[in-house]
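Please build the complete structure, drawing on both the sequences and the hints.
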Amino acid sequence: MSRYGLAIDTTKCIGCHACQVACQNQNGLDVNQQFNWILERERGKSPSFDHEFIPVQCNHCESAPCQRVCPTAAIYTTPEGIVSVHPERCVGCKYCIEACPYKVRTVDHHRGIVTKCWLCIDLVRNGGEPACVTTCPNQVRVFGDLDDPQSRLSEFIAEHRAQPLRADLNTRPRIYYKRS
Amino acid sequence: MVENAWGWLIVTYLFLAGAGAGAFVAAVACDLLAPDWSKTLAQAGSLAAGPLVAVGTVCLVLDLEAGLWQPWRQIYLVSNLSSGITWGVIVLSLFIPVAFLYAAALNEITAVGRYLKKYVWHLEVVGSLLAVSTAAYTGILIAVVNGVPFWNTPLMPVLFMASAMSTGLAVAMIGAAIIDITTIRTLSNFALGHIIFLAVEALVLILFVFMSLTRSVEAAISANMLISGVLSPYFWVLVVILGILVPFALSFVEYYEYGAMPKYLVVGADLLVLVGGMSLRALIILSASPPQVV
Amino acid sequence: MTEQEKKMSDEKEKPREEATPPTVDEAQRTDDAGGSEIPPAVEEPEAPTHGLSEKRGRLVAAGMVATVVVALVALAVAGIVQLTSKWLVVCPTDLPVNDPAPILWKTVVTDDVKAQSLGVPEKLMDEARFKQ
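From first to last, the protein sequence lines stand for chains A, B and C. All you need for my numbering is the position in the first sequence, starting with 1, plus 8. All you need for my numbering is the position in the second sequence, starting with 1, plus 70. All you need for my numbering is the position in the third sequence, starting with 1, plus 5.
The set of hints was computed from the structure by calculation and includes no laboratory data. Predicted model only: the values in this text are computed from it and were never measured. C-beta atoms are modelled at their ideal positions from N, C-alpha and C, and glycine is treated no differently. Each hint should be verified, as a subset may be incorrect.
Facing chain B, a subset of chain A residues (Cβ under 10 Å, in silico) [to be verified]: (1) 20; (2) 98; (3) 119.
Computed far set for chain B versus chain A, every beta-carbon distance over 12 Å [as the list claims (entries may be wrong)]: (4) 106; (5) 167; (6) 182.
Printed below as a string of structure tokens:
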């Protein structure tokens, strides 16, 4: 079975937010709801400074803290490794938001549940890629199967020594970043 | 990034449940250790515990989203024994009825109460275990996740339990004053209880804040918010001065001048302890900051 | 009921040395001038528990009042923090209120070609008002 993941090259990200808008479009979100965020980090002082855009979304952790703490067991992992939510079981206690170290879960006030990025698994199962990956004008994002050593994703991670964010938090995230 | 999803409803629940659990323990302690002269306090504690935790639980349910609009979803809440909330639901479902039954039994209210009078000791044992679990589980719940480094320490349940016992005693004393204002003289004995509980709470709070300053960057950010940052007026005025130091001083005076203090100062000291307890819970929840991921 | 009320008001008026209610109750009953018709001999079997159950309603009410007091404390603290937090936020004082962008745009798209120096014209710099 495939184990899907993402790789993001922040050296190419220009902070256009197209991935954020595409995601909102794909999932029918409100203007003030989002499943991914573009964080900014500035280092150094003029004239030697660097401005970095870092897109962040659910890492679909293999050891997801949100899944561990959900009291209604509404959070489950699909066979492809996507961390997902049963919308009819979630009661909106928001414990998963407090538990997520990356703070990438949001409350959907229309349905009263907590949702997040689900890697557009319906598009993927039909042979496509997540909306954020397809939309990016700079091809910052790489989507693929982590278990396949010949996939573009695995090659990208190996070639650029991409690392997940805060691997020390021991959640085993599945989004890898090339940041330099 | 949604940094903090828990607001005033959760803070109110933490405060009310802690105070209710503490009031129960205070009532049991009075009934077992000093049944003759502390009867009013035992009565008050037992009568306040159930309603307090019940109102707190209502606040908890009101904070749910889909679980409030479609209440039948709440049946799922006990599905995951790895989750602190599941344990909390189990503990609260047991503690609230036991607390009400204990109030009925100890004070012989209604036929059920009169029947249960002979089982008071059993209710005290079971209820105390449930009360301590109630006071502790909320601390454990927020301590086991690394999503908020400020909360991720074993000192968190200790702090919550110390605060619960302290506010519980204060509630029991206020209740005793309501039942019979002339018991204020006897309540002076409990000044020693206040001194001890407030000292323990102060010590745990100092430890917690100091350890937070060195534990991790994000914990230090939150701790600094409390000590010298945006939340510092609330921390120093509401939690430290009004919530701990002033009641401590008043209790000291009360203890040594047995019964000579004006009644309003005794009750006032209890109210200040409650203000401090609520402010402490609010500041802990509101100052949460996530790990720095980039 | 009136007897009970009278006893309650009596308790409030006369502060007692002993604090336990049953003792106070019995002392009150023996002290009642003309209110109670019960002879003292019948008092003895009325153990302290009888005094307790007479005040049942008052006890339950005391528990409810204590709960309301605690809830009010919670409400007060929440209100204080919410209302005073506005004063803690420091508003920036260096935001220009009159936005020079429209004027600058007109000079950019104007038809007559004039030599201009780079940067914001002196006039606009002086005219800028800042939000207090």
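Results for each hint:
no.	hint	in the structure
1	20	16 Å, violated
2	98	6 Å, holds
3	119	6 Å, holds
4	106	44 Å, holds
5	167	20 Å, holds
6	182	31 Å, holds
When the structure is compared with the earlier hints, a violation turns up for hint 1 alone.
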